[in-house]
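Sequences and hints are given; from them, build the entire structure.
Protein chains: 2
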Amino acid sequence: MMGGDFAPLEAVKGLRLYLSEKADAVSLFLFGDKGQLTSLLAEHGIHSKQIQIIHAPEVIGMHEHPTKALKEKQQSSIAVGFYWLATGKIDAFISAGNTGAMLVGAMFSIKVIDGILRPAIASIIPKENGKTGVLLDVGLNADCKPENLSQFAVLGSLYAQYILGIEKPRIGLLNVGEEEGKGNLLAQASYPLLKQNSQLNFSGNIEGRDILLDRVDVMVCEGFTGNVVLKMAESIYDITKAKEIEHEFLDRFNFEYYGGTPVLGVAKPVIIGHGISQEKAFKNMIAVAVKMIETGLLTKIKASFTGHPNA
Amino acid sequence: MMGGDFAPLEAVKGLRLYLSEKADAVSLFLFGDKGQLTSLLAEHGIHSKQIQIIHAPEVIGMHEHPTKALKEKQQSSIAVGFYWLATGKIDAFISAGNTGAMLVGAMFSIKVIDGILRPAIASIIPKENGKTGVLLDVGLNADCKPENLSQFAVLGSLYAQYILGIEKPRIGLLNVGEEEGKGNLLAQASYPLLKQNSQLNFSGNIEGRDILLDRVDVMVCEGFTGNVVLKMAESIYDITKAKEIEHEFLDRFNFEYYGGTPVLGVAKPVIIGHGISQEKAFKNMIAVAVKMIETGLLTKIKASFTGHPNA
Numbered sequence: 001m002m003g004g005d006f007a008p009l010e011a012v013k014g015l016r017l018y019l020s021e022k023a024d025a026v027s028l029f030l031f032g033d034k035g036q037l038t039s040l041l042a043e044h045g046i047h048s049k050q051i052q053i054i055h056a057p058e059v060i061g062m063h064e065h066p067t068k069a070l071k072e073k074q075q076s077s078i079a080v081g082f083y084w085l086a087t088g089k090i091d092a093f094i095s096a097g098n099t100g101a102m103l104v105g106a107m108f109s110i111k112v113i114d115g116i117l118r119p120a121i122a123s124i125i126p127k128e129n130g131k132t133g134v135l136l137d138v139g140l141n142a143d144c145k146p147e148n149l150s151q152f153a154v155l156g157s158l159y160a161q162y163i164l165g166i167e168k169p170r171i172g173l174l175n176v177g178e179e180e181g182k183g184n185l186l187a188q189a190s191y192p193l194l195k196q197n198s199q200l201n202f203s204g205n206i207e208g209r210d211i212l213l214d215r216v217d218v219m220v221c222e223g224f225t226g227n228v229v230l231k232m233a234e235s236i237y238d239i240t241k242a243k244e245i246e247h248e249f250l251d252r253f254n255f256e257y258y259g260g261t262p263v264l265g266v267a268k269p270v271i272i273g274h275g276i277s278q279e280k281a282f283k284n285m286i287a288v289a290v291k292m293i294e295t296g297l298l299t300k301i302k303a304s305f306t307g308h309p310n311a
Numbered sequence: 312m313m314g315g316d317f318a319p320l321e322a323v324k325g326l327r328l329y330l331s332e333k334a335d336a337v338s339l340f341l342f343g344d345k346g347q348l349t350s351l352l353a354e355h356g357i358h359s360k361q362i363q364i365i366h367a368p369e370v371i372g373m374h375e376h377p378t379k380a381l382k383e384k385q386q387s388s389i390a391v392g393f394y395w396l397a398t399g400k401i402d403a404f405i406s407a408g409n410t411g412a413m414l415v416g417a418m419f420s421i422k423v424i425d426g427i428l429r430p431a432i433a434s435i436i437p438k439e440n441g442k443t444g445v446l447l448d449v450g451l452n453a454d455c456k457p458e459n460l461s462q463f464a465v466l467g468s469l470y471a472q473y474i475l476g477i478e479k480p481r482i483g484l485l486n487v488g489e490e491e492g493k494g495n496l497l498a499q500a501s502y503p504l505l506k507q508n509s510q511l512n513f514s515g516n517i518e519g520r521d522i523l524l525d526r527v528d529v530m531v532c533e534g535f536t537g538n539v540v541l542k543m544a545e546s547i548y549d550i551t552k553a554k555e556i557e558h559e560f561l562d563r564f565n566f567e568y569y570g571g572t573p574v575l576g577v578a579k580p581v582i583i584g585h586g587i588s589q590e591k592a593f594k595n596m597i598a599v600a601v602k603m604i605e606t607g608l609l610t611k612i613k614a615s616f617t618g619h620p621n622a
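Protein chains in written order, with our numbering: chain A, 1 to 311; chain B, 312 to 622.
Among these hints, one or two may not hold up.
[Stated by the list, open to error] List time: in silico DSS-like cross-link candidates among lysine-lysine, alpha-carbon distance up to 30 Å: (1) A:K280 <-> A:K22; (2) A:K243 <-> B:K456; (3) B:K506 <-> A:K131; (4) A:K302 <-> A:K168; (5) B:K422 <-> B:K552; (6) A:K127 <-> B:K438; (7) B:K506 <-> A:K68; (8) A:K68 <-> B:K493; (9) A:K145 <-> A:K68; (10) A:K243 <-> B:K542; (11) B:K493 <-> A:K145; (12) B:K379 <-> A:K182; (13) B:K456 <-> B:K552; (14) B:K542 <-> B:K438.
None of these hints come from the bench; they were simulated from the model.
Shown next as structure tokens:
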């Protein structure tokens, strides 16, 4: 509750929005300052029995060093949240707080799934025809090996299938040309791995011009290019809003619609919100976390990487 | 004249547009089918004494293999044009034809400037405040070394200074975070080279969200990320046009405004046009080529890389 530029107010408002729209039998555990949260909940008329506050008096600032802060502030909402997730007291953890601390917590408290070399973070990308795609990695791995990209494709495919409800998601390798053999050394070496992976519905290379088109459902790249693409897409929203260029298509570049960035490849659902998340983003992050639990996405991912059919 | 999807008609129209707007003492040599061009020029009322047609009966198709086509079709407009450029009969060469053939021609007929490890291709990127920036490399070098990026920065800086008229252009390294030390191995290793290069006004890292903002004038990256960014930017124009989202800012994503992509680092001015170039793009390519000649950009570049002051 204490993470993000508008914490805890927007988190509380997002919670209220979620409860007003959904009637799931979900238990919501709020990590943060108990006094502050209790009065904010009362102020916003939130009295749901689904809610329980877990006192976490410390806060990790947005610019603190992730590893150091997590170690020193064991009573922070992020540290306590990960402890609850690691010990099985909660099934998913969400925060719009310090991204580095969220990643370190996810990697070291929750652990990477057996068989996965590197987890990735995924982002939803709007398509011009109204559909949505998944882009990954968008920043966790600035340097990658071909095997990483092949695994990201599997993670993205399962996410698209179970969370976005896309049957047999089409996978594209983000590249600088359409033909096999194009690209930098990484893309050239990744193509055959994607092509021969029987878990994937591989559609070949896509180019920058295809990112916003409905050519494929899952777009795979290393975290450097993915991060640049994502931030550029986000800036299009900011710029067009500032210029009052109004259109439904441009509205869909508002990251708040997509409910944060899941960390794919760690053993439990972890969702990282944008620092500037507001009400709607918090509501959507809860919805995505619930869907990750309900669809058993993590079980599907584990099964996929151990080679066992869906356990 | 024979290059591009709408050749030679749009090239002829661009020529007419250029002549109607400019009164430079420029000599224009048109490479292509003499019969076809003679009647097209007459049809469009172009009788300028500045124009001379050089017969080149062969055409390299847009999908032909560049090296093979250049070798086999020595009477193609691209091959003849490069021969004229290499032998000093013309001072700059422009084509919207087969991009690969243009690059091969530039690298092997014209040669790379002494001291330059790899040439790059640069693109103009519109800034939200009405200014323009330069992004390079946008596709010639999918894999780069830090030394390449440092040289691209110098090439981009000189281009911004002499062609765009920007005093002391601000240079940014495209990266995934603002602080020094962020990024993939290439960006991490490139940062200190850019920082210590006394020819550069280095502003540090920029992120994807800064590409369309007026943070820096020259944005440097390897040709993989640059190509993805450029093609994504171009797609924004296509998509918003198709959706009839009208705004002056979006109009500026129309590549036709910017007159093609200069190949920077080769010994003479070479400009490659987009395959779908029309009238306006051809006119602007001529204007950029003239500016490259008039400002002595190539002399400045050569001086910069040999260490001698502007010769």
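Structure-based check of all given hints:
The suggested pairing of A:K280 with A:K22 holds, with an alpha-carbon distance near 13 Å, which does not exceed 30 Å. For the proposed pair A:K243 and B:K456, the alpha carbon gap of about 39 Å is over 30 Å, so the pair is violated. In summary, the hint linking B:K506 to A:K131 is not supported, as the alpha carbons are separated by about 43 Å, beyond the 30 Å threshold. Distance hint between A:K302 and A:K168 is fulfilled; the C-alpha atoms sit about 18 Å from each other, no more than 30 Å.
A threshold of 30 Å between alpha carbons decides the hint, and for B:K422 with B:K552 the separation of about 39 Å lies outside it, so the pair is violated. Our distance criterion of 30 Å between C-alpha atoms is met by A:K127 and B:K438, whose separation comes to about 23 Å. As the CA atoms of B:K506 and A:K68 are separated by approximately 29 Å, the hinted pair is consistent with the 30 Å bound. The suggested pairing of A:K68 with B:K493 holds, with an alpha-carbon distance near 18 Å, which does not exceed 30 Å.
Of the supplied pair hints, the one linking A:K145 and A:K68 holds, its CA atoms being roughly 28 Å apart against a limit of 30 Å. Between A:K243 and B:K542, the direct Cα distance comes to roughly 23 Å. Compliance with the 30 Å bound is thereby established for this hinted pair. Between B:K493 and A:K145, the direct Cα distance comes to roughly 19 Å. Compliance with the 30 Å bound is thereby established for this hinted pair. For the hint linking B:K379 to A:K182, the alpha-carbon distance of about 18 Å falls within 30 Å, and the restraint holds.
For the proposed pair B:K456 and B:K552, the alpha carbon gap of about 38 Å is over 30 Å, so the pair is violated. Straight-line distance between C-alpha atoms of B:K542 and B:K438 comes to about 16 Å, which keeps the hinted pair within the 30 Å bound.
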